[in-house]
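K.L.:
Protein chains in written order, with UniProt numbering: chain A, 1 to 336; chain B, 1 to 336.
Just so you know, not all the hints are guaranteed correct.
Said to hold, decoys possible - Label-pair distances were calculated between CB atoms; the ranges are:
1. A:224 to B:82: 38 to 48 Å
2. A:201 to B:270: 53 to 63 Å
3. B:185 to A:201: 23 to 33 Å
4. B:194 to A:124: 29 to 39 Å
5. B:209 to A:219: 27 to 37 Å
6. B:328 to A:224: 27 to 37 Å
7. A:56 to B:111: 32 to 42 Å
8. A:119 to B:328: 17 to 27 Å
9. A:249 to B:199: 28 to 38 Å
10. A:246 to B:136: 50 to 60 Å
Keep in mind that the hints were calculated from the coordinates and are not lab data. For glycine and all other residues, C-beta sits at the position ideal for the given N, C-alpha and C.
2 protein chains.
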Amino acid sequence: MKKWTWLYLLLIGAYTIYALNFFYSKGSAGQRVDEIGLSGSLEEKYVMVTFQSGIDYWKSVLKGFEDAAELLNVSVEYRGSAQYDVREQMTVLEQVIAKKPAGIALTVMNPKALTPSIDKAVDAGIPVVLFDSGAPLSKAYSLLATDNYSAGVTAARTMASLIGERGDVGVVTLPNQLNHQERTNGFKDTISSEFPNMRLVAVKDGKGDRIVSRDAATKIMKQFPSVKGIFNTDAVGGVGVADAVRLEQKQSEVKVIGFDTDKVTLDMVREGAISATLAQGAWNMGYWSLQFLFHLHHGLISPDSGQTADASPLPVNVDTGITVVTKDNVANYYLK
Amino acid sequence: MKKWTWLYLLLIGAYTIYALNFFYSKGSAGQRVDEIGLSGSLEEKYVMVTFQSGIDYWKSVLKGFEDAAELLNVSVEYRGSAQYDVREQMTVLEQVIAKKPAGIALTVMNPKALTPSIDKAVDAGIPVVLFDSGAPLSKAYSLLATDNYSAGVTAARTMASLIGERGDVGVVTLPNQLNHQERTNGFKDTISSEFPNMRLVAVKDGKGDRIVSRDAATKIMKQFPSVKGIFNTDAVGGVGVADAVRLEQKQSEVKVIGFDTDKVTLDMVREGAISATLAQGAWNMGYWSLQFLFHLHHGLISPDSGQTADASPLPVNVDTGITVVTKDNVANYYLK
């Protein structure tokens, strides 16, 4: 009889554990949000889609996307065109849409080419948010990106503090691209409104190329020998400008501000060839893209916006901000 | 012996339930985020602080704040100055800071007066985000608000579709307040860049007052009898403009666009005296303010931004968007 008693106890105990375990785990494994806290299901897959999918910059965005997914207990996938090729990106996006994921975070290489696919996804009930570069006329719910004008403002203030708020400065940029025009305008406007003893003497085309940007910077220094600083609005060109300053042996006279945090730029910041570079809020773009998609998928959105054509169920524009990277904090910006 | 067996079974079963219950509930009641999903503790209190705390507009913001708190399993408190009185708001804010809450979401009546208190809170380790109106030079982490220029763009496009993209239009506004200047500029720029057959003929001061705005609108209609539409950039004035159109018996000739969704405006939209009004993303301001504060309190922020002076641990600016409210969807906007 005693043997049987223990057996009963064991069986009933095991069953109780099994039953409670099932009961408690149901909340977080179900399709809907957990009773307590925000949590999804691992079967919920959110896809991040880029172009030139191998570049470093996207890795920081993807890290934010993955960090949010881990906290919310959902799955992610990373896709993108290998090349800077809009037809390839369209093909990838169409393949992703066909799988009906829980949501898509997309960076747009070309708004005109990709808007039809974005709208098709939204019409099919797949939430889409855009990051880094947008498609203003598409049905995507939100754009999470750098406010480029503000980035230019920050560059101007940083330059001012580097050169003691006094002297001539130049810009090397891509004058035909909207985001670079905005960076240049923010720089220009801030110099003229906040720093009466500074003057912007030249804006030159560096074509986003290291050699072309180097030559543009050299021309600025030859034409304006008094120049105290050059702001380059893109990553690759910034390295070229630093090359030029080195070649002219003007490292102590001309300060260089670059953009983004690719490895070559960071190395030059560490060595002092570039005085400062501007880090975009890449992690935040990825993190809040996933949060927004999760909220759309679960219907956790503004209750007022359900029935209108111009509805804003989510914030429509998110400026993820800029951080100034100098020798002091450059170590934080190398990819781990 | 049989009786004892059942007693044993009962006791062991009860203990197992107790133990498992304790084990599972620990995650969500602890100070840190739950193992699965985002969840806080009810002891964590987040405070929303306004001025003129009784007005309807804040109720929608508070609803978003509360909805987020419920999902994240944390507590909220609502505080504010009863009057439009910056000293009273400062006193309230100081009282809130003294209680060391988990975070503060604040709308700023006067940036200059409130910035020292905001900075004091942040320096004391209390996260602060701002909503609706900001304090650009303060240490607050983020501003969640309407992009007023974009709101003006939306108003212009709405007006164009109301009057068939053709005819003279006017604006009644508060020309000395920055947010109203931005709304007017967005309206003006969009008319001139997108609608060649429309013309902005008058911009008048309504002082945010129903009578003054009524008189301003009457003057516009007398001076420009061909006027087809008037955009009023604030809530109270919009009602006055609609009064003027009624008094002049021009309801079928002059379209009125108002701002915000207080009850009088909504009633006029329902009756057709106001053709459209612009709803701000108040719920989103509240909802994402709480989310941001929760992320700051729990350290769930951009890992790159920890050690820099200009750090952006969170998105710095969030445009919560605008929704166009017309007869078709006005029913959604009455406070429940």
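K.L.:
Failing hints, ascending?
P.N.:
Hint check: 1, 5, 6, 9 and 10 fail, others pass.
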